[in-house]
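Given these sequences and hints, build the entire structure.
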Amino acid sequence: MRSFNDVRNLLADTLSLGERGLAMGPETPLLGSLPELDSMAVVQLIAALEEYYDFRVDDDEISADAFATLGSLVDFVDGKLMR
Amino acid sequence: MSGSPVAAQPFFLEARVERRFCLYHAPAPGRPCRGALVYVHPFAEEMNKSRRMAALAARRLAGEGVAVLQVDLHGCGDSSGDFAEARWETWLEDIALARDWLERRAGVRAGLWGLRLGALLALDFARLDGKRLERLVLWQPVTGGEAFLTQFLRLRLARDMVGAGSGAESGAGKGTTALRQSLLGGETLEIAGYELAPELAAAIDGCDAASLVPAGIPVDWFEVVPEAGRPMPPGRRRVADGWLERDADLRVHLVTGLPFWGTQEIAECAELVEATVSVCKEEGEGASIAD
Chain A
2 MRSFNDVRNL
12 LADTLSLGER
22 GLAMGPETPL
32 LGSLPELDSM
42 AVVQLIAALE
52 EYYDFRVDDD
62 EISADAFATL
72 GSLVDFVDGK
82 LMR
Chain B
7 MSGSPVAAQP
17 FFLEARVERR
27 FCLYHAPAPG
37 RPCRGALVYV
47 HPFAEEMNKS
57 RRMAALAARR
67 LAGEGVAVLQ
77 VDLHGCGDSS
87 GDFAEARWET
97 WLEDIALARD
107 WLERRAGVRA
117 GLWGLRLGAL
127 LALDFARLDG
137 KRLERLVLWQ
147 PVTGGEAFLT
157 QFLRLRLARD
167 MVGAGSGAES
177 GAGKGTTALR
187 QSLLGGETLE
197 IAGYELAPEL
207 AAAIDGCDAA
217 SLVPAGIPVD
227 WFEVVPEAGR
237 PMPPGRRRVA
247 DGWLERDADL
257 RVHLVTGLPF
267 WGTQEIAECA
277 ELVEATVSVC
287 KEEGEGASIA
297 D
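Sequence lines, in order, name chains A and B.
Using the numbering used here, read the first sequence as starting at 2 and increasing by one per residue.
Using the numbering used here, read the second sequence as starting at 7 and increasing by one per residue.
Bear in mind the hints are in silico, worked out from the structure with no lab data behind them.
Any given hint could turn out to be false.
Here are the simulated DMTMM-like cross-link-like pairs (lysine to aspartate or glutamate), alpha carbons at most 25 Å apart as the crow flies [what the hints assert, rightly or not]:
no., chain 1, residue 1, chain 2, residue 2
1, A, K81, B, E152
2, B, K55, A, E37
3, A, K81, B, E99
4, B, K55, A, D39
5, A, K81, A, E52
6, B, K55, B, D253
Using C-beta positions, here's what the derived DEER-type ranges look like [as the list claims (entries may be wrong)]:
no., chain 1, residue 1, chain 2, residue 2, range
7, A, E20, B, G192, 47 to 53 Å
8, B, E51, A, E20, 27 to 33 Å
9, B, D106, A, F56, 26 to 32 Å
10, A, E20, B, R110, 49 to 55 Å
11, A, F56, B, A221, 25 to 31 Å
12, B, A164, A, P27, 22 to 28 Å
13, B, L250, A, R3, 24 to 30 Å
For glycine and all other residues, C-beta sits at the position ideal for the given N, C-alpha and C.
Following this line, the structure appears as structure tokens:
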């Protein structure tokens with residue numbers, strides 16, 4: 002969970018979650034549970050991650066699994082950073 | 007004390023092809039004109055979302071003696087042409103036209119003030135410019151045209167973005183790669199209500215801030231971060247550092263606020279306006295065009 006804080010902040014900023022964002026943990030479900038995370042928000046969130054980390058997310062890396070929980074999203078980012 | 011605001015003057019500039027809608031914010035009367043800026047607006051929907059911020063800043067700047075000319079680029083806003091006809095090269099011509107008009111009107115050398123892709127366009131203009139810009143004011147510059155285009159193309163895919171399961175079938179043939187192939191094949195694509203021509207897409211794809219080091223021009227880069235104390239994103243910091251390594255006359259200013267060019271509700275960032283005004287007030291009288 003190396004990038005946990007940064008990813009959580011990016012998620013909270015992109016979706017304007019405020020305090021709720023700070024309360025999120027690795028198990029917090031995202032896609033399908035967070036009403037703010039609609040398709041547009043997914044696009045914006047990916048853009049925010051790309052901007053912040055200066056990496057590229059390829060089409061085939063974007064899956065429901067990556068966005069299932071905050072933890073899975075952090076794992077996804079950590080994975081890309083290790084390459 | 008700032009002068010009382012003068013109403014902005016709308017007019018049309020005759021371009022090589024058709025006309026461009028402009029809004030001139032004259033510097034407050036009874037005080038020396040301390041500078042002039044052509045505002046280069048951002049791309050597509052960002053232009054609309056940031057209208058309020060641009061207007062606020064333009065009025066504040068004019069009140070402090072800086073003449074500001076807003077120009078709607080070809081195919082954008084109230085200018086002639088459809089968005090499908092918009093070309094990067096024409097946009098560069100539009101900036102030259104606006105700059106020349108502003109310098110004649112204000113009597114001082116002008117700089118460019120660009121937001122997001124407008125800032126990248128301003129950097130490209132600076133690279134090609136035969137005269138010398140007084141300064142560059144960059145609001146949250148897009149640093150990579152390719153990444154920017156990918157994010158724009160994704161708007162069309164948003165619905166299909168996150169397929170069920172591990173994504174094996176979800177993006178097949180519909181991803182940004184496929185859209186880029188279509189563009190390469192000469193197809194104009196409709197993205198979120200905007201007709202994107204292949205030529206414009208290619209020009210955006212080919213623009214990269216790291217290779218557009220502004221030479222011999224004072225540059226003020228304003229970066230909006232969500233909370234005080236947050237750093238500039240590392241990738242963006244790298245671009246700024248790269249410029250500094252190549253002796254750019256660059257200052258980076260961090261301000262706190264929302265990314266108003268992209269927010270669903272129209273947002274303002276007062277700190278950005280004030281920081282910009284402060285910076286533009288620093289110099290004394292603007293350099294006359296005879297200098």
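Hint check results:
About 19 Å separates the Cα atoms of A/K81 and B/E152, which keeps this hinted pair within 25 Å; it holds. For the hint linking B/K55 to A/E37, the alpha-carbon distance of about 20 Å falls within 25 Å, and the restraint holds. Of the pairs offered as hints, the one joining A/K81 and B/E99 is violated, with about 41 Å between alpha carbons and a cut-off of 25 Å exceeded. Using a Cα cut-off of 25 Å, the hinted pair B/K55 and A/D39 holds, with the two alpha carbons roughly 20 Å apart.
Taken as a hint, the A/K81 and A/E52 pair is honoured in the structure, with Cα atoms around 14 Å apart against an allowance of 25 Å. Restraint check for B/K55 and B/D253: the C-alpha separation of about 34 Å exceeds 25 Å, so the hint is violated. A beta carbon spacing of about 50 Å between A/E20 and B/G192 agrees with the range 47 to 53 Å that was offered as a hint. Distance hint for B/E51 and A/E20: a CB-CB separation of about 29 Å, consistent with the stated range 27 to 33 Å.
A beta carbon spacing of about 41 Å between B/D106 and A/F56 contradicts the range 26 to 32 Å that was offered as a hint. Here the CB-CB span from A/E20 to B/R110 is close to 53 Å, well matched to the stated 49 to 55 Å. The hint said 25 to 31 Å for the Cβ distance between A/F56 and B/A221, and at roughly 29 Å that hint holds. The beta-carbon spacing between B/A164 and A/P27, approximately 26 Å, falls within the hinted interval of 22 to 28 Å.
Judged by the Cβ atoms, the range 24 to 30 Å given for B/L250 and A/R3 holds: they are separated by roughly 29 Å.
The structure fails hints 3, 6 and 9 (numbered hints given earlier, in ascending order).
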